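Novice: So the protein sequences, as listed, match chains C and W.
Under the numbering used here, the very last position in the first sequence is 272; numbers go up by exactly one each time.
Under the numbering used here, the very last position in the second sequence is 325; numbers go up by exactly one each time.
Check each hint, because a few of them may be wrong.
[Claimed, not checked] These stretches of chain C come out as covered by chain W in the derived footprint (C-beta under 8 angstroms, 3 or more residues):
no.	stretch
1	76–87
2	204–215
3	220–231
4	256–262
Hints listed in this document are in silico derivations from the structure and should not be mistaken for laboratory results.
Every value quoted in this text rests on a predicted model; they were computed, and no experiment measured them.
By construction, the Cβ of each residue, glycine as well, lies at the ideal position given by its N, Cα and C atoms.
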Amino acid sequence: MAAFVIFCALVFIAIFAPLISPQNPYDLGEIDIMDSRLPPGAVGLAGLTHVLGTDDQGRDMLSAIFYGLRISLGVGVMSGVIALSIGLSIGLAAAYYGGRLDAIIMRVVDLQLSFPAILLALIVLAVLGKGVDKIIIALVAFQWAYYARTVRASALVERHKEYIEAATCLALSHKRIVFRHLLPNVIPPMIVVGTVQVAHAIALEATLSFLGVGLPLTEPSLGLLIANGFDYMLTGKYWISFFPGIALLLTIFSINLVGDQLRDVLNPRLQK
Amino acid sequence: MVIVVMSLLVFFGVNVIGNPIDILINPEFDQEEMERAIKALGLDLPIWQQYLVFVKNAFNGDLGKSFVYGMPALQLIVQRMPATLELALTALLMAVVFGIPLGMWAGLRPDSVAGRTIMSGSILGFSLPTFWVGIMMIMIFAVMLGWLPATGRGETVALFGVQVSFLTKDGLAHMLMPAFNLGLLKLSLVIRLARAGTREAMLQDYVKFARAKGLSTWRVVMVHILKNILIPVVTVLGLEFGNLIAFSVVTETVFAWPGMGKLIIDSIQLLDRPIIVAYLLIIVFMFIAINLVVDVLYSVLDPRDPHRRGSGDRPGNPHGGDRKG
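Please construct the entire structure, taking both the sequences and the accompanying hints into account.
Specialist: As structure tokens, this is what we get:
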């Protein structure tokens, strides 16, 4: 339960970042480079107390983290939703139509799943270049397969149940059967996969940004903030990397915990 | 077949990302020199011809010369492979050596304080962003405490003609942090697997029988349960090994470890096409090789049911299928 509360708090912060940040770190008029690299708790030139210190450009870390959360969560969730839709459609189609379509789709899914996410994302980004939309494409590219596989597994189980047979006997259109009868029963395991995948996507995005192939500088996510701090790690200015990392950690951790708990709640048979 | 598809995709894709001519040839050359350089690099042929040249060379073991280093790409990658492999293997070893006991403990006593802590710890383990943990470790252990060296690889010693660093004390010191960093995710995975396996195994009849026979708990655990949870753990780890090698790009960047991963990141940034293409091909090849080995290993370890494979659920397919194209 605590995880859920944390998660909601993080989402709240992300949505309302501009309203609650002490400073807008991307408005060049508000930051002062003389403020740079202040340790946590120091007071800047404008009289603002930097609770978490400042980075090398003089931006308040707390505000930077809020804005960064926004981007990280936004990208993660959006790629999750898109991957969900794609995976859902493909998985349902594979389960419903069966036969060769199913075999082909599952081959593709398996191939994709055996390939490490990082490599896939790196290739996509190397080809497409930087930008928020391209990152989302890369993230979707590796996620849809998980959704597709889970959906297909559940759908196959449901497929052979009587209510689908009844619907077929009633000569309902395929589309109707799939969307109004099959789909609602396939949703619970998907929610679980969804939460874990979103966490994974956020982690991957941060890693890519850290490596320098992710989001551009104008839309910094938590990964980029950590990368900024990388240069200072040997001189002991830990706060530039430490706090964004904690924020990232909290986000991923809370999402994972919520997913774990959801799994137990939605499946009283207690499958491990 | 997978390799052919991959090579096609990568080759054309990389061609699209940027005109290497602009990047590599000094823009201050005059026109004539530029043309000479272009010809020398083979960039003046139409794309499909470049691809054919590439394939022909590939079969001869020549995967092109790096634009930046001027050395054959294959050689560059192979040179750095031992470093990466060393790191990956150590990480794997750490994950197994620490993971199995911890997981088994959590499985044997799931409701104890230790058991629960281990489980939450494992979730924490795979929520931690690897690169951040690496940075934190460097800060704490190298900068603040001064116990371990911060970056780079230690002294190497030649073993069968290959440079390895784990045989020197300095080498081990350098390797400790990166290997742990890389292995952390896998550690969490192994813990969870071992726990699940232990819990499942404990409910089985043979355990009850062994206990009824009067065998000591220790023996029951070590001999019977351990052997049976090894099967899923080994299979998953085998498959994840490729993943480990791929993920080493992050750890290598943080710790400045001179392996393949760092090479590929730099190459992407510098648009060093031959290296990117060669690297991807080699990785795909390694993957297929690893999958093959794991499949063989699995059928050796699990003589019961040759059709039981770990990859996904395919209820309609009685043979489990083979996944290699």
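Novice: Go check the stretch 76–87 of chain C versus chain W for me, would you? Three or more residues, Cβ under 8 angstroms, otherwise it fails.
Specialist: Contact hint for the stretch 76–87 of chain C vs chain W: violated, 0 residues under 8 angstroms.
Novice: Closer than 8 angstroms, Cβ to Cβ, for at least three residues: run that test on the stretch 204–215 of chain C against chain W and report holds or violated.
Specialist: holds (count 6)
Novice: Per the coverage rule (Cβ-Cβ under 8 angstroms, at least three residues), is the stretch 256–262 of chain C covered by chain W?
Specialist: Per the Cβ count (3), the hint holds.
Novice: Examine the stretch 220–231 of chain C: at least three residues should have C-beta closer than 8 angstroms to a C-beta of chain W.
Specialist: Three-residue rule met by the stretch 220–231 of chain C, so holds; n is 4.
Hint 1 from the list above is the single one not met by this structure.
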